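Undergrad: So the protein sequences, as listed, match chains P and U.
The first sequence lines up with residues -9 to 126 when you count with the working numbering.
The second sequence lines up with residues 33 to 188 when you count with the working numbering.
Because the hints were derived from the structure by calculation, they are not lab data.
All values derive from a computational prediction rather than experimental measurement.
You can trust all of the hints, since none of them are fake.
Selected chain U positions facing chain P (in silico; Cβ < 8 angstroms):
#  : residue
1  : 82
2  : 83
3  : 89
4  : 90
5  : 93
6  : 98
7  : 101
8  : 106
9  : 117
10 : 121
From the three backbone atoms N, C-alpha and C, an ideal C-beta is built for every residue, glycine too.
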Amino acid sequence: MRQALILVVLAFLPGIGQALYFRDKVSWQSPVPASEMVTVAQARAWGRNAIWVDARPDVEFERDHVSGAVPLNEDRWNELLPRFLATWSPEKRVVVYCSSQSCNASREVARRLRHEAQLKNVFVLQGGWEEWLEKK
Amino acid sequence: MKSASSILSFQSSTIPRFVRRIAEFIVGGIFIYAGVIKALDPIRFASDIDNYKILPWTISVRLAFYLPWLEIFCGLALILRRLYLGGLSILAALISVFVIATVAAKVRGLDITCGCFGHASKNWNFSTHLGLDLVLFGLVISLLCACGRNFTTTER
Chain P
-9 MRQALILVVL AFLPGIGQAL YFRDKVSWQS PVPASEMVTV AQARAWGRNA
41 IWVDARPDVE FERDHVSGAV PLNEDRWNEL LPRFLATWSP EKRVVVYCSS
91 QSCNASREVA RRLRHEAQLK NVFVLQGGWE EWLEKK
Chain U
33 MKSASSILSF QSSTIPRFVR RIAEFIVGGI FIYAGVIKAL DPIRFASDID
83 NYKILPWTIS VRLAFYLPWL EIFCGLALIL RRLYLGGLSI LAALISVFVI
133 ATVAAKVRGL DITCGCFGHA SKNWNFSTHL GLDLVLFGLV ISLLCACGRN
183 FTTTER
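Chain U extracted, bound-state conformation (with noise of 0.2 angstroms):
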């Protein structure tokens, strides 16, 4: 019986084990900046998720100082390969909560700053972030998809 870790290897693709890690390396990297440069200004980053009025300051100051780890750890999960599924998984929910919020916001006519990549990002519009979201979701959802591929072919 082979361990979890083992079926999930990467030996059987359709897509090419150095596009994948190329994608794991981009995915990974980009989030393990974005965590860093949260980490460095967490009262910021608090701000910022206040800005969203989705989540009362109470909430919004405790997740300033766990989302950017959590960030980094996934990020650090997909280049390193080790809880990678999980890391994956917590991913793909994190992008999609910030696709869902953005929208909300934007339907709800708030001026926000994401807040993604600290000041790089202040100036970002709309579109610049929904883009950016969007491409990374699709990202994730490819190497998940492949790693469900994989999982289905070493189990038969």
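If we strip away everything but chain P, and leave its shape as in the complex, we get (with noise of 0.2 angstroms):
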């Protein structure tokens, strides 16, 4: 018992000193902050200056996606990316959405279009393809 409790609070150490590092780069109170969550009433009505990605895996994109959206996930990010980039330009505004409001392949998307890419207007589409559905 005793020895747990040292290597748990050894633990801590680290932690701690990591957690100090990335105190300026993470998103304490929720995973992706108000500012960069968008609603499908306030994207659409962005229109034309909207981008919108599709975080979803290749299967899901060709069942059905949003129309005009451009697939971009994960597991052929390397291939994807370029494909996206030729349809991005800096005034439009990027739409990530996933599945459901519980997946979290579009915020991994949107924060790797940001840090990766190094992109500025990249959003996540609050309850994903779901709610777009909805509201279709």
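Quick one: dock chain against chain with the hints and give me the complex.
TA: Set out below in structure tokens:
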């Protein structure tokens, strides 16, 4: 018991150090800050100024997707990213969605677009594909 | 009066010493690897924990900075045989929680990526995930039992 307690306490030290290092890079209160979320209605209102990005697996994208959406999932990230970038322009807003509110693919794709592709104006669609279907 | 560490020494056990050492290196190595992979990308790991929909994000994100290091320290405890029994007990508890969380997610129909080994485990299905957890759990319990047997034998 004492040994377990020592290990539990020891692990806190690098954990706290790392958390301090990442303190400005992490959203501590919610997975996606409210400023980076967008509702279906808001995204629709952007019209042609929005690029829809489908973060779901290829099979689901082929079954159905938002009209004009570009597939960009993590399984084929390196292959699909150049295709997405070919449609992207700085003045456009990027709306990433996955299957539902509970999926996290859209968050991950949005995060990678911001950090790896250095894009701004990247948003995650609230409720994902399910919500889009409901509001269709 | 012998100290606890000397009582828990591996001098007489039904499992040969080299087999135990191999098991310790396998389990310890797996947890060190898993911990390092997750410690390198804690934000992604936070997202993986959140995907199970068991804990609120505020806890998931804090756990994501802590759990990888706990795994690394427990893995090292097994390989270096320091704080050995503590490391084994924590690993047994951690694996139990992983198994329960995985089964609970499956029952609730959640499409989860376990996040156990970063990108390497992204496409693992439920059976693979559960299978590895159970094998690891079996190894940890065997090591705990061997440890317990030594304890009893030495006390007599």
